[in-house]
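These two chains come separately, so use the hints to put the complex back together.
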Amino acid sequence: MIKKNLIQLIILLAGCIYSLISFEVSEKYNVDITNFKIIDKPHTFLNILFNNLVVGLFISIGGYLSAGFLVLIILFWNSFFLTEIIQSSLVLKISINEILHSLIYHGPIEILAFLLFGKIGLDGLKFYSRIFKKNEINIQELKIKYFLMPIILLFISAVIESNL
Amino acid sequence: MEQNFSKIIKNIILFGLLSSLLGILKNYIILDVFDDDVKNIAGLSSYTSLFVSIIISCIVLALVSFICFIIIDLFELKVKAIEFSSSFINFIYALILAEIIKAFLVVFVLNDELNDLIVDETFNEQFSNTNWYFLNYITENVSIIIGILIFILSFKELTQTNKLLQVVLLSFIIAISLFISNMEWI
Numbered sequence: 000m001i002k003k004n005l006i007q008l009i010i011l012l013a014g015c016i017y018s019l020i021s022f023e024v025s026e027k028y029n030v031d032i033t034n035f036k037i038i039d040k041p042h043t044f045l046n047i048l049f050n051n052l053v054v055g056l057f058i059s060i061g062g063y064l065s066a067g068f069l070v071l072i073i074l075f076w077n078s079f080f081l082t083e084i085i086q087s088s089l090v091l092k093i094s095i096n097e098i099l100h101s102l103i104y105h106g107p108i109e110i111l112a113f114l115l116f117g118k119i120g121l122d123g124l125k126f127y128s129r130i131f132k133k134n135e136i137n138i139q140e141l142k143i144k145y146f147l148m149p150i151i152l153l154f155i156s157a158v159i160e161s162n163l
Numbered sequence: 000m001e002q003n004f005s006k007i008i009k010n011i012i013l014f015g016l017l018s019s020l021l022g023i024l025k026n027y028i029i030l031d032v033f034d035d036d037v038k039n040i041a042g043l044s045s046y047t048s049l050f051v052s053i054i055i056s057c058i059v060l061a062l063v064s065f066i067c068f069i070i071i072d073l074f075e076l077k078v079k080a081i082e083f084s085s086s087f088i089n090f091i092y093a094l095i096l097a098e099i100i101k102a103f104l105v106v107f108v109l110n111d112e113l114n115d116l117i118v119d120e121t122f123n124e125q126f127s128n129t130n131w132y133f134l135n136y137i138t139e140n141v142s143i144i145i146g147i148l149i150f151i152l153s154f155k156e157l158t159q160t161n162k163l164l165q166v167v168l169l170s171f172i173i174a175i176s177l178f179i180s181n182m183e184w185i
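Top line first, the protein sequences correspond to chains P and V. In terms of numbering that gives the first Met the number 0, the first sequence has 140 at position 141, counting the first letter as 1, and numbering is strictly consecutive. In terms of numbering that gives the first Met the number 0, the second sequence has 119 at position 120, counting the first letter as 1, and numbering is strictly consecutive.
There may be inaccurate statements among the hints.
[Stated by the list, open to error] Per label pair, the in silico range of CB-to-CB distance:
| no. | chain 1 | residue 1 | chain 2 | residue 2 | range |
| --- | --- | --- | --- | --- | --- |
| 1 | P | His42 | V | Asn110 | 38 to 46 Å |
| 2 | P | Gln86 | V | Asn110 | 31 to 39 Å |
| 3 | P | Val158 | V | Thr47 | 23 to 31 Å |
| 4 | P | Phe80 | V | Leu96 | 34 to 42 Å |
| 5 | P | His100 | V | Asn140 | 31 to 39 Å |
| 6 | P | Ser128 | V | Leu62 | 15 to 23 Å |
[As the list claims (entries may be wrong)] Simulated crosslink set (BS3-like; lysine-lysine; CA at most 25 Å straight-line):
| no. | chain 1 | residue 1 | chain 2 | residue 2 |
| --- | --- | --- | --- | --- |
| 7 | P | Lys133 | V | Lys6 |
| 8 | P | Lys133 | V | Lys25 |
| 9 | P | Lys3 | P | Lys92 |
[To be verified] Every beta carbon over 12 Å from chain P, so not counted as near; a handful from chain V, in silico:
| no. | residue |
| --- | --- |
| 10 | Val59 |
| 11 | Ile70 |
| 12 | Val78 |
| 13 | Phe126 |
Treat the hints as calculated values from the structure; they're not laboratory data. Quick reminder that beta carbons are idealized off the backbone N, C-alpha and C, glycines included.
Next up, chain V with everything else stripped away, as it sits in the complex (with noise of 0.2 Å):
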């Protein structure tokens, strides 16, 4: 288990080093409709914020994974740890593409979107209202669907008596966590 667990979190280090470089050239775009005057204390609160939120992002993944190896040696499920963390990495890919996607909408949505704002009171309304802040959610969450059907497809013999009931059990897991981890509290 802990050779298959420790290849889960060299993927997860990826998958956070990637998010990291699209999310500073996303702050980079956003930062530039401000002022000097308040580009700094927004800058550096930016940054925080996205490097904690990726951070965070990675210790659910980390965890959830650890979870569902814990279920499965507690349970004795059918599913091999070598194949479940196989399946993983591969949910951890898809949640890379819709990274890169993610990129793709500032850099073609939200900067063009960007010059019609305002900088006042109402900036967070008005972003919150933009087009790209509609795609953005919705690539979030379907990457995540995505995600777990490509995590669901990439076990093997999926016909065998109770694998693919106790594979959704672990999907539903996995997507319960993401989905909890994404949501806004407040």
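Chain P on its own, in the form it takes in the complex (with noise of 0.2 Å):
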């Protein structure tokens, strides 16, 4: 179990580094930012559940069936992105109280929800050499109740985002 939770880890804190490397600020573009809001989408609880919850059953089913590989991508790319967007918001001069304001009430529960799912989609991989070693189709690590903490999570931290 730590040892699932420790590869999801360095692919988070891959994500991360590699956008801190390859950040490049481009000249070419001048960005007004006057009403710039870090997130700027239709903010309802039920948008935000919905969006997670696809992005969680996403993770946890297809990485399964993915023998752990899209959980891998998913991860990194969204480290990723985050860093990149965090970056961005700070050369953009967006006050670091902002930004924080707008992450740091939601966003760790929300990375653990998604740790969760990420951990019953690096399953598959049992799944697989099942398959391999001896031509047997079993399904027997996809539970229902490992999704059920998960869901909680990401319900608290719909709750959460659409109150900011």
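Right under this line is the structure:
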């Protein structure tokens, strides 16, 4: 279990580091930041919860059926993109307080939920090793109870995020 | 059934690996048009979407074949599981051939057309108006149709009572699922 968490944390960290190393500010584009918002989407509870649930199920079930590859790709991409957004906001001189305010309350809960979904997805490796070694099809790792905790966490995070 | 299904899974993985290699080649050629400052983010997002779409295609193929196995079992069709699996593997080979043709299209058609494209806000529109885009779209859809014909013809004793009808029903399920998964929804 610790091994799976460690793999996911390394991937998250790798996404952040890749963004920090490769981030470049293009001087070609003049961006007007008047009325700029970090989160500029319809901000309703249901909208946030639905989007996060789709990503969560994609990570868990898609990850399971892809032997864990989708988990790694999606976690890397999300941590890379989040770091890019934070760096771009800093370049646009948006105050650190505002950036922290939009992330710090719901962010850790959401990340924890996705890591729990990711753990389900990484079990897909066992599914494929059974197919290759024993020619046996068995999805014994996909149990409903494993989905309960991350869904509750996503619910809490959506409540917090929709009230920001 | 399990033995036949795992045979199919191994061939789907082969299809996924080959598609990834050819997709990397395609991305490499397309990304060459961009300036260095946008290459980084465009590169990462194109490789991410490439691998995600290939994984989804593989999952769809595996699920469709699994559903067909269930249908064969449930409705006690005249089609044997071993016969279905070898026909489905031929279908996967047809898809692999289409991927190779698509790679040739990138090298010989898109490579020339990319020089005429200008990187600005209309890039996506210019890109979707290229001859390559049209040919790639045609190849994708025609390959499914040819693959389905190969799938049907791979079965033996098709003249047996009701067997052809059952095989056509299975091929219809496969074709519809693949066309839906190929569709651009947004």
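Structure versus earlier hints - violations, ascending order: 5, 8, 9, 10
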